[in-house]
Each structure stands twice: as C-alpha cells, then as structure tokens.
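*Asks:* Each chain, letter by letter, is given below.
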Amino acid sequence: MPVIAPEDLKESYDAVIIGSGAGGGQVAYLMAMEGLKVLVIEAGRMVDPTREVAMFHTPNMAPLRAESTPDKQYGFYDHSVESGWEMPGEPYTNASDAEKREFFWWRQRMMGGRTNHWGRVSLRNGPYDFETRTRQGVGLDWPISYDELAPYYDKVEMIAGIFGANEGMENSPDSSPGVLLPPPKFRAGELLARDRAKKKLGLEVVPVHRAVLTKTQDADRVPAKLHPSNAKAQKLLAENMRMRAKCFFATDCHRGCAIGAAFDSMTVFLRPALKTGNLDVLPNAMAREVTVNDEGKATGVIFIDKVNGGEHHAKGRTVVLAASSQESVRLLLNSKSKTFPEGIGNANGKVGKYLTDSVSSSFSAQIPALENLPLHNEDGVVGQQAYLPFQKVKELLAGKLGFSGGYKLLTVSGRKLPSLSTGKSFDAVSEAEGIPFGKQLKEEARRYYGSFQGIGGQGAMAANDDCFAELDPEKKDRWGIPVLRFHWKFSDDELKQVVHQQETMAAILDAMGGRFTRPPDTEDPLKAVKEGGKTIHEVGGAVMGKKAADSVTDRWSRVWEVPNLIVADGAVFPGTADKNPTLTIMALAWRAAERLMEDMKRGDV
Amino acid sequence: MSEMKRIDRRVALKWISSAAASMPLIGSGQDASSDSAKAPGGKGYGPDPDLQRVYQPGDLWPLTFSDAQRATMIVLCDLIMPTDDTSPSASSLGVHDFVDEWISSPYPGQKTDRNAILKGLDWLDEEAGRQGEKDFVSLDGNAQFAICRDLSILAKKDRKAFPGSFFRRLRDLIAGGYYTTPEGMKDLGYRGNVAVAEWTGPPPEVLAKLGLEPQA
Ligand SMILES: Cc1cc2nc3c(=O)[nH]c(=O)nc-3n(C[C@H](O)[C@H](O)[C@H](O)COP(=O)(O)OP(=O)(O)OC[C@H]3O[C@@H](n4cnc5c(N)ncnc54)[C@H](O)[C@@H]3O)c2cc1C
Ligand code: SF4
Chain C
1038 MPVIAPEDLK ESYDAVIIGS GAGGGQVAYL MAMEGLKVLV IEAGRMVDPT REVAMFHTPN
1098 MAPLRAESTP DKQYGFYDHS VESGWEMPGE PYTNASDAEK REFFWWRQRM MGGRTNHWGR
1158 VSLRNGPYDF ETRTRQGVGL DWPISYDELA PYYDKVEMIA GIFGANEGME NSPDSSPGVL
1218 LPPPKFRAGE LLARDRAKKK LGLEVVPVHR AVLTKTQDAD RVPAKLHPSN AKAQKLLAEN
1278 MRMRAKCFFA TDCHRGCAIG AAFDSMTVFL RPALKTGNLD VLPNAMAREV TVNDEGKATG
1338 VIFIDKVNGG EHHAKGRTVV LAASSQESVR LLLNSKSKTF PEGIGNANGK VGKYLTDSVS
1398 SSFSAQIPAL ENLPLHNEDG VVGQQAYLPF QKVKELLAGK LGFSGGYKLL TVSGRKLPSL
1458 STGKSFDAVS EAEGIPFGKQ LKEEARRYYG SFQGIGGQGA MAANDDCFAE LDPEKKDRWG
1518 IPVLRFHWKF SDDELKQVVH QQETMAAILD AMGGRFTRPP DTEDPLKAVK EGGKTIHEVG
1578 GAVMGKKAAD SVTDRWSRVW EVPNLIVADG AVFPGTADKN PTLTIMALAW RAAERLMEDM
1638 KRGDV
Chain U
31 MSEMKRIDRR VALKWISSAA ASMPLIGSGQ DASSDSAKAP GGKGYGPDPD LQRVYQPGDL
91 WPLTFSDAQR ATMIVLCDLI MPTDDTSPSA SSLGVHDFVD EWISSPYPGQ KTDRNAILKG
151 LDWLDEEAGR QGEKDFVSLD GNAQFAICRD LSILAKKDRK AFPGSFFRRL RDLIAGGYYT
211 TPEGMKDLGY RGNVAVAEWT GPPPEVLAKL GLEPQA
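Heads up: the sequence lines are chains C and U, in that order.
If you read the first sequence in the working numbering, its first letter stands for residue 1038, the second for the next number, and so on.
If you read the second sequence in the working numbering, its first letter stands for residue 31, the second for the next number, and so on.
Worth double-checking, as some hints may not be accurate.
Claimed, not checked - In silico lysine-lysine, BS3-like type, Cα no more than 27 Å apart, as pairs:
1. U:LYS149 to C:LYS1476
2. U:LYS187 to U:LYS149
3. C:LYS1262 to C:LYS1272
4. C:LYS1222 to U:LYS239
5. U:LYS187 to C:LYS1476
6. C:LYS1272 to C:LYS1283
7. U:LYS239 to C:LYS1236
8. C:LYS1262 to C:LYS1074
9. C:LYS1476 to U:LYS190
As the list claims (entries may be wrong) - Sample of chain C residues with no beta-carbon within 12 Å of chain U, all distances over it, derived:
10. ASP1051
11. VAL1175
12. VAL1216
13. ASP1257
14. GLY1347
15. GLU1631
If you are wondering where the hints come from, they were derived from the structure by calculation, not from laboratory data.
Yeah, the Cβ is synthetic: ideal placement off N, Cα and C, and Gly gets one too.
One chain only, chain U, in its complex shape (with noise of 0.2 Å):
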C-alpha cells in the first residue's frame, strides 16, 4: 500500500490530540456489565405505531425510578446540563423522566443502559457513604461536582470500565435528552424546523465570516 503513504504525506492530516481513540460512534458506548437488573415489563410500540401522537414517559411501558433514583437522577441533570445564561437546566424539561423511559424500554438496545444505570447509583449512593453522607443528593454541590468530575476523566481514559462507563452513558442520556428538546435546539443554535416559502441559504454574514461569494 504504497499508494497509501504517499496520499498520507501529501495529506498531513492534522490530528485532534488525546482523542484519536474516542470518535463517536453511534450506538457504541455499551456498557459491558452483566450485573443483570430486573428485566422491565410492558411491549414495545410494534412496527406499525401512531406517528402523530404525542408521548410522555410511562405511556407505553411502566418506569423504573423509586422515589430516591428519581431524586438522584434529578440532581445529576442539573450537574451534567445545568441552568446557564442562555438556557435552562434539564431537569426542568423533564430529561430525568426520559432518562427513566429509556432505561425501562422493553427492548434488548436498552438493557446495558439499564444495568449500568442502576448499578451506577446505587454507586453513588455508596461513594457518599464512603464520604460520610447518607446518599448523594445529601451532599453539597461541589462534592457532587468532584464526584462527576473524577467520573468524567475515568469515562474518557477507559470507556468500557465501571464506574466511568456509568457516567459516560449516563451524559449521553442526559445531553442528548436536553438537545431533542425545542428549548435544547434553540440553545444549540439550531434555527430549522420551520416552513419557508423560499430557501435562500445563508445569510451574507455567514459567507462573510468564511470569506465566499455570495452564491448565484
């Protein structure tokens, strides 16, 4: 593969640094546990299902969270997608019941999630004992941040061991529940979604900013 080479050189490609190994993958990210959690009841929607209607978590299949999961998970929205300038934080659009809708999925794509969820918690719950706390929403703000921060690094060094796949799973859930709700795409900047009678691709500041012409 000489060919190959010379492609390479004349190329140069520049590189993202530490992250050559952590391209996102869609569907990767599995978490590899088999601490196997009580299988969730209820169907799924079947290959035929209404499309118009309008679905809330629980709808279609019963959720999980105990009161406490559920208490935790809203604590985590708000230190993986919190309140800022520009936004709101997630908990406040509700991603924690979404977190729960999809760990309660009754299909096999779910199951890691739901395993590793589950067992992530209780986790935390065990890492505020070992910090002398009942649980970990009875910890202060910044002993929860430190707690996700050390995950984080963890996630990123290893994807597949527990703990760190727990949060990077988790971070997943939560960042992407926030940006598939209307208030997360506005916050991303994204300004579709809406009928035009004519398309008239972007505007002279945006040619500007990239120093082209304006199109024919």
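Only chain C is shown next, with the shape it has when bound in the complex (with noise of 0.2 Å):
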C-alpha cells in the first residue's frame, strides 16, 4: 500500500487533500478512482480497524475500568487515538470564560479523523434547511438547493451503507428506492416511546438513519451505478463492499469496527482508493499553510514531518482542504503571502465567521413499565436506533413557536453494556434510607436496570455574527503555527428552542410514564444548552455562497479567489440545520470533486 514517508514523495500530484476524514476521504476516494494522482496528507498515524480495535473487550479489561482520562477522553475502548479536548502542545483559546461563552473544539489526530468513533447518525438536510434567511429571516441562505445535493446524498448512503426508513415526512427528505438499507427492529423502549408518543401526542418516533450495514451491500449493483463505464473503479468497489461484513448486533460502533459494517473513512474509501495505485497516504504530516504562485493559484501545501520536525512541500495542480472544518479556517487564516497577506480567501474577512454548531439539550426519567422486563439481548446495532424528526415545521414557518430552528429528539434506552457509572446509576430511585448498597443495592439494581430512558435534543443553529474564530494574537502550537481564538455566544433564539426541547422531552418521558429527579431546564436554558463545539457538529468559517462579496468559497466549494483550492469540509456549511452534518459533508465534498475534475479537464484550472 503506499503509505509514504515525506521523502518519498512525488513531484507533483493533481491533487494535495490535507485531511482523512469524512471530507478528505471522500475526495481522495474519487479522484484516485478517476485515475488522478493524488496525496492525502494527514496530522496523524495509519490505522487499521481490522486489527487494532477492540470490539468485545468488557471494561475490567481496561485501566480504570475504561473510564475517560486525559489521554484517553471518550474512555479506553474508544477508537480515538491522539484526539480530545485539550491536546497538549496545541492549543486554542476563546475570548471570554463567561458561562457558555467558551467554544469547545475536539480534535481527532488518526487516518480517517473522527470517522473512526463517530456515532453514525446519517441524516440529510431538508429542503428550507437550505433556505434559512428566506424562510426565517436569519442566518444564510445556501447557494444550493436541496435538489441539487440530492442526487450526492444518494450516492454517498449507497458507498457507505446506511439503513434507515423512508417515511415522507416535510423536511426531512427520503432516499431515492433502494438506496437505505432495512433499519433494525427496535428495544423495548423504543416501542414504549413510539406507541406513547404516538398516543398522547401525535408524534412519530421513527427509525434514525446510520452508516451501520444492517445487510450487507449490493456489490453486483451500487458499483456500476456510481462509477458508470468505469470498469476498474466497479472492481475495487466490489472487492470493497464484499470484505465489509454486516453488522453481528453487538459491540459498541464508537470502539471501532473490526468487520467493516460501520462506515469509517479507511473501510469505506481509503481502503479502496489505495489499491487504484493513484493515492499516495502521508501520515505523521501536520500541515501549515497552502502556498500559492503570483496568480494567486494554489502550488500546494508545506507541512512538518512529526516524527523529526522537518518542513516540506509537497506540490500540486489543486489542493483540497479538509482538515476538519475549524483546522481548515486556520490553514486559510496561515496561508498568508504577498497576493493574500489576510490569508487565503479573506479579502472580505470572511474566513472564521459564521460558526455554528447543533443546540443541545437533554433529560432523562426512570420508566416504570420497563421495571423487570424478562431478560434479554438488547443491543442491537449499538448505539442509536430511533428518533423523532422535527414535525412542528408549518407551526415552525409560521414564527408560531417564537424560534426559528427545529430541532431532532435521540432517544436513549436500553439494557446497555454497564459501566464504572451503573454502580450509582439506580441511587435516584432506590428505597433505601441511605445511598444504597449490600443485598439491596443488588435487589434494586436487578431491578432497575436497563428502566431508564434519556432523550436527547439537537437543534438548528443560524450563522450569526456573534460565533467566529480567528487567529489568536500571540499564541501558537508545538510546531510555531499560530492557533485559533473562538468567540461564541448562544443567541435568545437557540434559548427559545432549548426551552421547547425541554418541555417536548418532558412531555414523552411523562407520555411513557417517567418518574423525574429534577424538573426540565425550562426556566434557565442557558443551564441546560450543551456548550458550543459540545456537539461535535461544529461547521462553518468557510461558507459558501451566492456572491463572492459575503462568502468564501463559490457553490462548488472553490475557493472564490483561487479556484484550483476546494474545502471539503464543514467549514463550508452557511449554517447548522437540526440534523448532523457529516452525511452532508461528504455529499457536498463528492459534488466539489467532480467539478473539480471537470474543471481540469477543460483545463480551468
């Protein structure tokens, strides 16, 4: 496999793709299929889901019962090497430490990026999803429609396997026939939820969309379907899809795959676009900045070799950023020179601006009914199954609910894999005088476990002018690179919606029966809204739009003054609808890239 070291590269590639990820990897898997040259460069080490992840490990395996440490933040099993929070030696600030005011930023330093643990969700982005300012008067409009991303949508949840249900409901699009794979039956609770939802409150609970192969993929069909008359392409994609297995319902997606039945970037699309023979992998390379000629073209990227602190420069007829989306705003912000002094993309002072993430909130309840439930398997495809689209939208377009975003409900239930918290979990609801423990804690615990339900609400979030990052002043990295300072404020509109989340999760827990700990966070929002970045779902900073004027990049994700440079990432999303945005990331980085190549090949760029 070429896996290359910095002196083995070549001359020069068609493409210079700094990143792994959901973007990168997407790019980097269609070019090389196309039979272009290309270099992917990426800050961390090779992986290998098929050997190094542990999937059935119980936690007293672990150190510390697998629980989260500094080196290890989403806990031991977790398939998340060099990643967290706070990475030491590179850091980022925020501009006050205010309540809620700070920007969280998880960063995930492996090939495939947070490809590798992340939770799967697929959903797309609706039609008015596109058409914020218009239909709400705030945020941005995008300079796309959903029936222009569509046709990506459908390709990419046919490459990387997602099941779900086509249930025609507004603003929340079905796939094209065949395309989702079947969803899997649902436990118990949510059953309960859906019937008691459904009941009381006229709401569906329906199955979620996830890149989880609950069968496993055409390989005779999907192939010519997405690389018509390319014989070769058809071929790697076939052998592909025959080595991911489906998914054996068990075993935790976050700890990683070992047969290929959820999608990460080095299953889906490095593994293949390796064996084309046109894809160079370049690990342990950080890059810096994208250099650019006296045009104003992009020549390619300088990057530090981690292992012994050398610069190089790797060169190429176009470069793709798809570094994540708010290491992407950083490299533009770097790449200063005597054509962009700003940075790349930021005459306008653009570059930064418009960060977003989904508006969280959660609560939770004990469920008497699933008291003593009969033992059994409830794990099913680990991790997310149901959910409730947002179904308020005409009440929502109307401005009758006195916020302008909707937002999704996960529900949460389950006799899950206990963890070093399932000791104290049941202390709410036990009988005993004291915090319980001895015979009846192991009474009540037999009892109550596996009876809790938690719902968990993701909302819109409209680009703003109050949510940016830019370069911080003085401060930089390990390798000297100047590192990012964010400012972040929740707006009275994203409170409103939190507060409607709250009262919606209350009113399904109590449809189903719940008994409460707490009252929700209807009086103190800000109380209850997951911090910025929390989410994990940060976009932005690289929007796209209609006019050069007041975006960065064009409806092709190029860069409006260098064409020859593409974001392939979330930094290009000119808001955060109510669903997550990885599907979507690589719907948009599949349609850059093939006008990105027909750019070259009409020789425009």
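With the hints in hand, could you dock these two chains into one complex?
*Replies:* Below, the structure written as structure tokens:
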C-alpha cells in the first residue's frame, strides 16, 4: 500500500488533500478511482481498524475500568487515538470565559479522523434547511438547493451503507428507492416511546438513519451506478463491498468496527482508493499552509513531519482542504502571502466567520414500565436506532413557536453494556434510607437496570455575527503555528428553542409514565444547553455563497479567490440544520470533487 | 416564561420523592477534601495505548494499599457487594484491587478519590477504636454493617461532607467495579456483547408485559 514518508513524495500531484476524515476520504476516493494522482496529508498515524480495535473487551479488562482520562477522553476503548478537547502542545483559546461563552473543540489525529468513532447518525438536510434566510429571516441561505444535492446524498448513502426508512416527513427527506438498508427492530424502550408519543402527543418515533450495514451491500449493482463506464473502479468497489461484513448486533461502534459493518473513512474510502495505485497517503504530517504563486493559484502545501520536525513542500495542480472545519479555517488564515496578506480567501474578512454547532440539551427519567423485564439482549445495532424528526415544521415556518430553528430528538434507552457509573445509577430511585449498598443495592439494581430513558435534543443554529474563529494574536502551537481563538454566544432565539426541547422531552417521558428527579430546565435554558462545540457538529468558517463579497467559497466549494483550491469539509456550511453534518459533508465533497475534476479536464485550473 | 408554567401543569410530572437533589451525574461526587495523601508514582498509558491487551491492576502504575488497607478494602467490598443467592461477592472478583488501581492512578481525575479513600480508611479504624476495637476489620460483621449504614445515610444527606463523601465514592467504585465484570453484568441482567446472526428485537414475553403489539 502506498503509505509514504516525506522523502517518497512525487514531484507533483493532481490533487493534494489535507485531512483523511469524512471529507478528505471522500475526495481522495473519488479522484483516485477516476485515475487522478492524489496525495493525502494526514496529521495522525496510519490506522487499521481490522486489527487494532477492541470490540468485545469488557471494562474490567482495561485500565481504570475503561473510564475516560486525559489520554483517552472518550474512554479507553473508544477508537480515538491522539484525540481530545485538549491536546498537549496544541492549544486553542477563547475570547470569553463567561458561562456558555466558551467553544470546545474536539480534534482527532489519526487516519480517518473522527470517522473512526463518530455516532454514524446520517441524516439528510431537508429542502428548507438550505433556505434559512428566506424562510426564517435569520442566518444565511445556501447557494444550492436540496434538489441539487439530492443525487449526491444517494451516492454517499450507497457507498457508505446507511440503514433507515423513508417516512415521507416534511423537511426530513426520503432517499431514492432501494438506497437505504433495512432499519433494525426497535428495543423495548423505543417501542414504548413510539406507542406513547403517538397516542398521547401525536408525535412519530421513527428509525434513525445510520451508517451501519444491517445487510451486506449490493456489490453486483451499486458499483456500476456509482462509477458508470469505469470498469476498474467498479471492480475495486465491488471487492471492497464484499470485504465488509454485515453488523453482528453487538459491540459499541465508537470502539471501531473490525468487520467493516460500520462506516469509517479507512474502511470505505481509503482502502479501495489505495488499491488503485493512484493514492499516496502521508501520515504524521501536519500541514501548516497552502502555498500560492504570483497569479494567486494554489501550488501545494507546506507541512511539518511530526516524526522529526522537518519542513516539506508537497506540490499539486489543485489543493483540497479537509482538515475538519476549524482546522481548515486555521490553514486558510495561516496561508499568508504577498497576494493574500490576510490569508487565503479572506480579502472580505469572512474566513472564520459563521461558526455554528447543534443546539443541544437532554433530559431523562426512570420508566416503571421498563422495570423487571424478562431478561434479553438489547444490543441491536449498538447505539442510536430511533429518533423523532422535527414535526412542528408548519408552526415553525409560520412563526408560531417563537424561535426559528427546529430540532430532532434522539431516544436513548436499553439494557446497555454497564460502565463504572452503573453502580451509582440507581440512587435516585432507591428506597434505601441512605445511598443503597449491600444486598439491597443488588436487588434494586436487578429491578431498575435498563429502565432509564434519556432523550437528547439537537437543534438548528443559524449563522450569526457572535460566533466565529480568528487567529490568536500571540499563541502558537508546538510547531510554531498560530492557533485559533474562538468567540461564542447563544442567542435568545436558540435559548427559546432549548426551552421547547426541554418541554417536549419532558412531555414524551411523562407520556411513557416516567419518574423524574428534577424539573426540565425551562427556567434557565442557558444552564440546559450544551456548550458550543460539545455536540461536535461544528461547521462554518469558510461558508459557501452566491456572491464573492459575503462568502469564502462558491456553490462548488471552490475558494472564490483561488479556484483550484476547494474546501471539502464542514467549513463551507452556511449554518447548522437539525440534522447531523457528516452525510452532508460527504455529499458536498463528492459534488465539489466532481466539479474540480471537470475544471481540470477543461483546463480551467 | 408563562409558556413553561402552562406546560408544567399539563405535563404534571411525577416526582421521585426525596431524591430530587441527588440525580446521578457522571463525574460528580468529587470529594472536596484537601488532605493530600502522597501523590502516586507512575505514568499514564499515553494517547495511543494497545487496546487489545488485557490489563491487570498494577500493570501500568504501582499500587498503594498496605496489607492492612487491602484487608480492610476486602471487608468493605463484601459489605457493599456481598454474596447473595444469585451472584458472588465483590472481593471474589478482585474489586478491591481495582479500587487500589483507581486511587493509585497518575491522572488528575482520581486524585480527590485517592485522598478521600485513604482518609476514610483511617477514619474507619478510628471509629473502630471509639467502639473499643483495634481496627475496622476486627469489629464483628454487625458493627461493620452498622457503620456502613450510618455512613450511607450521611452520604445521602450531604454528598460533600466527610465521612459520608468517602462512603459515597467507595460505594460508587465498588459497585461500579462490580458491575463492570462479566459476573456483575450477568447479575444485572445484561445479556448482550455476543455476536448474533440476526437482531430480532425484544422477545414476545417482553412485548406482552408492555402490552405492545409484535413489530412488523
Ligand atoms: C463522539 C462523536 C460523535 C459524532 N457523531 C456523529 C454522528 O452521529 N453523525 C454525524 O454526522 N457526525 C458525528 N460526529 C461528527 C463527525 O465526526 C464529523 O462531522 C466528521 O468526522 C467531520 O469530517 P471531516 O472530514 O471534516 O473531519 P475529521 O473527520 O475530523 O477529519 C479531519 C482529519 O484532518 C486531519 N488534520 C487536521 N489538521 C490537519 C493538519 N493541519 N494537517 C494534516 N492533517 C490534519 C485530522 O487529523 C483528521 O484526521 C461525531 C463526532 C464525535 C467526536
Ligand atoms: S454494532 Fe455492528 S456496526 Fe457497530 S461495531 Fe458492532 S458489529 Fe460493527
């Protein structure tokens, strides 16, 4: 496999891609399959999910019962190496430390990036989500419509393998027939939630869409659809699809999936792309800046070899930024030259602007009906199976709810693999005089285990002037590269949405007969809302737009000022919908890469 | 926020009586004690550890307990998670060694637990002294249980004040350490973590108990 070191770099590539996650993996795949010579520069180490992940280990086999530590901030078994909110030698700063004014930034330095452990929830943005300004009078419109992106959603869903159902719900689009894999059966708590939410509140609980193979992929049909008249690509994709097994309905996908049932960039994109012979991947290489020539065209990338600190220049006819949205912002701002003294794409001062994340809060209750159930395995496709898409779309658009952004609700229940906190999780419902222990604790644990229901809300956030990133005027990282400073503030609009989230969650849990330990946080939504960045859906900072004056990239994700430079991660999003970002990142990346290849063919770049 | 009041009336939440203040929150329950026991030695496992290796307490960093402290922890393990009709005791599953591993951790997150647990072990021996015994392990089982019961009540009343705070964290670690072993999981009724060819959802008897129709 062409995993290379800096001394093996070719003289020049058709494309130099920074980052190997959802966006970079997608572009590398498509271009390598289409015969272009591609380099991926990745700050982290090479990864092999088939060999290195621990799927079935129980917490007692790990240090500290696999609880999180500064070294493994999502727990020992999570497949996130060299990752975290804080990373030694790689700081970022915040302009304010007031309550909920800080932004938290999760970074993940490994081949495949955050796709190694993401939740795999894969929802399409709906048609209205591209028209926020027009419909709601806040935020920004996208320069493209849902219909323009829909074919790329289909393609990404077919290659990744996404389960779900077409429910025909307003602003939560269906996929084309035959694209989605069958959704898993619901767990007991999900069935109860579906029944009670429907009967008492008229709300639908439906299967979520997730990048997990509930069935093996159709290797006989899909490759020809994705790569018409490209026999080599069809063969390699079919081969790769056949290497991916169906989910065996056990083990947390965050730990990584050695059988290839869960989507990650290495398994789905880089593995077949490497077999084309067209792709070089360069691990442990930290990109510092994009270089440009006197005409203002991108010429390559300067990077630091993390193994020995050496500095190198990788040259390419085109450059693709896919280092994760805020890292791409940082690269643009740090790419200063005679031609672009404020950084690339930043003549209008828009690089870094319009940072958004999901607006999130959660609530939980104990459900007596779920106590003492006959023992059974509830792993399913471990993780999210069901959710409530936003269903008050009409009222929202009519301005009747008093806020502008919808939200989805994710239900969390089930007889899950216990963790260290299981031991104390029965306190709130215990009948003991003190905190329960001894035989009483054992009895109560058997009764109450698996009877808790949580709901997590994730809502839309419109681009605004209060949330953005810029270079910190002083601080540098361990390689001397200037770091980002974040500005964050929740608006009243968002906080009203949080109140509504809390009310709806309480209503659903109440409909399930839930017992509560505290009221929903409707009086103090600032307390309830998760900190900015904590949902890890951060996007924006190089937003796409119709006009060069108020955006950084055009409708094809090309930087206006530098058309042979595209941004293939969430930085181009002009706002956050009530859907998770990654499926849209990949659909946009596919579309942008396709256009870039056309531009190259035509000789435009 | 008139909206909220309206919703609250309509929803009419059912409250769990006295537990309102004690919602379990992951990572809370830290002891505020400033009594700093000698800092543990050793290093962490770093940002890229071998995930597949099976680790034992003491493999990565030196443990702390003296023989006497370890003997006390074994007794505490079996007071907090005793043998019963369906499952073994915490000490038979080595949970006392896990507690030692935890409080010996070189990471900052375990430091307050280390202080609380070591101070608490001393306190137990002093309490035994007040009851005319040499140390906690020399007390008879009833006296040991009575001390735990009193501490558990203190722990519920005030999660921060020592010695109740010590008992709370001790209980969290021993019960959590127990339920993260295969035996503990079995006792809890966890039946997953096994590969299956098909996931068929909850069995009919579960649906019947919930009064729900079979799934399509
Ligand atoms: C716990 C968790 C759960 C999540 N769940 C979901 C979910 O259910 N659904 C969803 O849609 N999204 C989810 N996400 C978000 C999702 O992971 C991201 O949206 C997605 O991975 C973004 O893709 P990306 O290509 O932009 O960035 P990444 O996947 O982060 O990849 C960026 C890559 O670039 C590399 N890089 C960064 N800087 C440099 C540099 N200077 N030089 C070279 N390389 C560099 C990084 O090392 C990394 O490998 C979740 C995230 C987390 C952490
Ligand atoms: S639940 Fe399925 S997809 Fe997820 S890690 Fe386990 S086998 Fe893989």
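*Asks:* To test your reading of the hints: which numbers does this structure violate?
*Replies:* none
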